Every structure is written in C-alpha cells, then in structure tokens.
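Novice: Sequence:
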Amino acid sequence: MINPRYIAVEALKRIKFEGAYANLISNDLTSRHKLSPLDASLVTDLINGTTRYLRYLDFTLEKVSNRSLKEIEPDLLIVLEISAYSHLIRNIAPHAVVNEGVELARRIVGERAVGFVNGILRKYVQNDKQYWETIINREKDETEALGIKYSFPDWIISHFSTQFSDRKKLESFLECLNRPPEVTFLRPPNLHSVLSDLKPGNLSPFAFKRQNRISVGQSVLTSKLIVQDEGSQLVALASLLTPVEGKDINWLDLTAGPGGKSVFLASWASSRKVKLSANELHPHRAKLITESALRLKLDINTTVGDSLTQEWEQEFDRVLVDAPCSGLGALRRRSEARWRKQEIDLVQLVDLQKKLLTRAINLTRSGGIVAYTTCSLHPRETVEVVEFAAKVTKIEIIDATQMLPWVPMERGPFLRLWPHIHDTDGMFLALLKVG
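Okay, so the sequence shown: first residue is 1 according to the working numbering, each after it adds one.
No wet-lab data here; the hints were simulated from the structure.
In this text, all values refer to a predicted model and were calculated from it rather than measured experimentally.
Each residue gets a CB set at the ideal place from its N, CA and C atoms; glycine is no exception.
Any given hint might turn out to be false.
What the hints assert, rightly or not - Label-pair ranges, simulated between beta-carbon atoms: (1) Gln126 <-> Pro74: 24 to 30 Å; (2) Pro205 <-> Ser36: 50 to 56 Å; (3) Ala93 <-> Ile135: 20 to 26 Å; (4) Thr162 <-> Tyr6: 21 to 27 Å; (5) Thr134 <-> Tyr6: 50 to 56 Å.
As the list claims (entries may be wrong) - Computed cross-link-like contacts, SDA-like style, restricted to lysine to any residue with a CA-CA straight-line distance of at most 20 Å: (6) Lys391 <-> Pro408; (7) Lys391 <-> Ser366; (8) Lys13 <-> Arg107; (9) Lys433 <-> Arg359; (10) Lys341 <-> Thr143; (11) Lys247 <-> Gln211; (12) Lys341 <-> Leu191; (13) Lys287 <-> Leu24; (14) Lys394 <-> Asp345; (15) Lys341 <-> Ile89; (16) Lys70 <-> Gly115; (17) Lys123 <-> Pro200; (18) Lys224 <-> Val244; (19) Lys13 <-> Asn66; (20) Lys341 <-> Leu38; (21) Lys354 <-> Arg365; (22) Lys224 <-> Lys247; (23) Lys63 <-> Asp45; (24) Lys433 <-> Thr162; (25) Lys70 <-> Leu42; (26) Lys341 <-> Glu144; (27) Lys355 <-> Gln310; (28) Lys297 <-> Asp154; (29) Lys224 <-> Ile249; (30) Lys275 <-> Val227; (31) Lys341 <-> Val64; (32) Lys63 <-> His159; (33) Lys63 <-> Ile89; (34) Lys391 <-> Asn362; (35) Lys433 <-> Lys224; (36) Lys168 <-> Asp154; (37) Lys394 <-> Gly246; (38) Lys209 <-> Ile89; (39) Lys275 <-> Gln211; (40) Lys63 <-> Thr162.
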C-alpha cells in the first residue's frame with residue numbers, strides 16, 4: 001500500500017512548481033490512489049498544512065541546516081518541510097518524525113540522502129514552537145515576526161495590522177486563518193427534508209455540517225446540498241431580507257459563477273414568482289450554474305458574457321454583485337493563495353470592482369436594491385469602492401447589519417464577518433438603495 005506521505009510529496013511538488021491548487025490536487029490524488037478516509041485525511045492535512053506554514057517551516061529549517069535551503073534538491077526539501085510540519089504543528093513524537101522523514105527521503109531520493117536528512121531532523125526535533133518564537137521575536141521586527149510565526153507575506157500582515165488595534169485580536173485572526181474550515185453545506189431554502197446525518201450550522205438557518213469530519217452522509221451523496229460557507233449564505237440572505245419599494249419580480253446575479261449564491265437566490269425566488277437571471281463571464285463556470293439548477297430543479301436564466309457590456313431587456317428590482325476580489329478573507333480554505341497573491345493585484349481588481357458596482361446600479365430601477373459583496377475585508381475593495389459609487393451614482397446606503405439581528409457584529413452600515421469571530425470566511429456586504 002502506498003505511503004500517504006509519498007503522495008503528499010508528489011502533490012506539494014505540483015503546487016510549488018506547476019501552479020496546482022492544493023484542494024484540487026489533494027482530491028485528485030486521494031481519489032486516484034483509492035485511499036481510506038483516514039489516509040485521505042492525513043494526505044489532505046499534510047498538503048494543506050505544509051503549504052500554509054511554508055514560511056515558518058523554511059525559516060526554522062534554515063536555522064538547523066548546514067546548507068542554504070536553495071541548495072537542497074527540491075524533493076528533499078519537501079520531505080524536510082513535511083517533517084517540520086509534523087513536528088511543530090501536528091505534534092508528532094520526535095522519534096517518529098525522524099524515522100518517517102528518513103524513510104521518505106530513502107524512497108524518493110535514495111540512500112545518499114539518508115545521512116543528511118537524519119542529521120537535520122535529529123537536530124530539528126530538539127526545539128519546540130516556544131523556542132522558535134523566542135528566536136523570531138529576537139531577530140525580526142513586529143511585521144516580519146508575525147509574518148514568519150503565522151506564515152504570511154509581510155504585505156498581508158501589514159494590511160491586516162491596520163484592521164486591528166489590539167495585537168491579541170490580530171493574532172487570534174491570523175491563527176484562525178491557519179485552521180482549515182469545517183465543510184459547510186447549503187440546504188436551499190426550498191428544500192425541507194430532514195437531514196439526520198448532518199448537524200445545523202452556527203449562524204445561517206440554511207447551513208449544515210457533517211456529524212463526522214471524515215465520513216460523508218447520505219444527504220450529501222444524494223446531491224440535495226451544495227458546499228457553501230456560512231458567510232456566503234449570510235450575505236445572500238441579508239440581501240434578500242432587505243425590503244424593496246414596489247414590485248420585486250426581476251433579480252440579477254451579475255457575476256454569478258460558480259453559482260452558489262445563484263442557487264440560494266433561485267431557491268428563495270421559487271415560491272415568489274420571481275425571474276432570476278445569472279450572468280457569468282467564463283463558459284465553464286456558467287455551466288456549473290446550469291448543472292446546479294438542473295440538479296436542484298431550480299429556474300435560473302443563465303447567460304454568458306461580460307457583465308460590463310451584457311444587455312438585458314428590463315431593469316432589475318434586485319442585483320447582486322459578488323465581485324471578483326483578492327480573496328483575503330478566504331485564505332483559510334485556500335492554502336496556496338497567500339503565496340500567489342501580490343499587493344499590486346489590488347489595482348486592477350479595484351478598478352474592475354468599481355466598474356461592476358456602477359454597472360449594477362445602472363441596471364437597477366429606482367427604489368431597487370443592489371447588494372455588493374466580497375470575500376475580502378480590505379478597505380480598498382470594500383468601503384472605498386462603495387464610496388466611489390456614491391460619488392458617481394445616486395444611491396442610499398442601507399444598514400446591512402439590521403438584516404441579521406441575531407448575528408453578533410459591529411453595527412452598521414456595512415456588514416463584516418470575521419473568521420475568528422463568526423467561523424466564516426471574511427465577508428463584506430454593502431446594501432444600496434438606488435435613487
């Protein structure tokens with residue numbers, strides 16, 4: 001039987017050098033090798049955990065290695081990184097970390113690597129997290145120290161530091177971004193079956209989670225649910241609970257792929273004689289919307305095209321803009337994302353976000369509602385985009401937090417959800433009444 005750690009090495013090579021996505025490569029390899037649920041869980045943890053903590057692991061490995069990490073052949077470095085993760089984060093017994101690392105190096109690189117790996121790992125397991133925290137704090141300034149300890153690029157640390165005045169709250173937030181989220185399902189509002197193999201979510205009345213993190217229940221197997229974070233459910237729900245003046249029969253999801261929020265809107269609309277349109281730029285993502293609608297027997301008029309130029313025959317009563325964004329609020333579920341994002345990317349994203357929100361407002365009738373949401377809490381992608389729209393269009397900002405009074409949060413006018421407080425992705429929502 002194949003060693004799960006060997007599979008993890010193969011996956012990490014593809015993530016590092018081929019641009020693979022951790023969640024996709026993990027699912028592909030565990031399925032292809034027909035791993036047991038327990039082994040699949042181990043592989044997934046090794047892949048995502050090692051990827052998340054890469055900066056921290058490499059900093060500590062560099063300190064005990066007699067070679068620069070750049071001089072260590074890639075396969076061997078990945079073996080060391082997995083071993084370091086197993087020791088510092090998974091708290092595996094030191095002798096097991098050394099033995100497993102040596103055997104993995106022997107299999108992947110050969111006998112010539114055994115002495116080198118054995119020497120490094122024996123030295124490495126002598127020190128714990130507290131030791132390394134002392135070293136980091138002594139050698140680095142605050143931003144770099146936090147970046148190494150929690151394994152983020154410095155620019156992301158600098159951004160999040162502006163969001164928190166309290167260092168403990170900042171560290172609680174960063175720590176939360178390193179914990180993989182529990183899989184959450186959306187039970188569409190028009191589905192009323194009893195889900196005995198699932199447990200309710202925390203905040204969304206339509207959220208459910210698995211009773212067991214490893215097993216998949218019958219409700220999932222029968223395809224009546226879709227995977228959707230509670231944060232996404234809550235912003236969609238808040239947008240629908242917002243009163244609209246006059247008629248309320250034409251809705252638009254302007255940037256709809258892959259369709260999670262479209263499904264939520266459509267299931268809500270199904271008993272209200274509402275026509276829902278969903279537009280998506282990319283055909284393969286539009287196809288996912290259509291497939292979900294067919295599977296769940298929902299009516300969604302899906303179109304493919306550029307949301308900035310696509311034409312519709314009527315004005316809309318409600319428009320949802322789930323804008324393309326940096327995804328900084330969803331870093332806990334995409335382990336490689338922190339290493340692939342650049343601060344300069346925000347320039348193009350913010351320009352697009354402003355155009356999309358302005359377009360949405362222009363597509364909405366007077367008295368209608370526009371909901372602008374992102375899975376980022378960066379001010380440039382959120383508040384500043386709304387402020388721009390307020391200067392160039394006629395809108396009234398509605399207090400979005402009033403739509404979800406049972407959710408503990410700082411009140412009005414913008415809704416913000418935080419991973420360390422709400423156990424959701426970091427989400428932003430602005431509700432705008434068109435003049």
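Novice: Please list, smallest to largest, the hint numbers that this structure does not respect.
Specialist: As far as the earlier hints go, 2, 4, 5, 6, 11, 12, 14, 15, 17, 18, 19, 20, 22, 23, 24, 25, 28, 29, 30, 31, 32, 35, 38, 39, 40 are violated by this structure, in ascending order.
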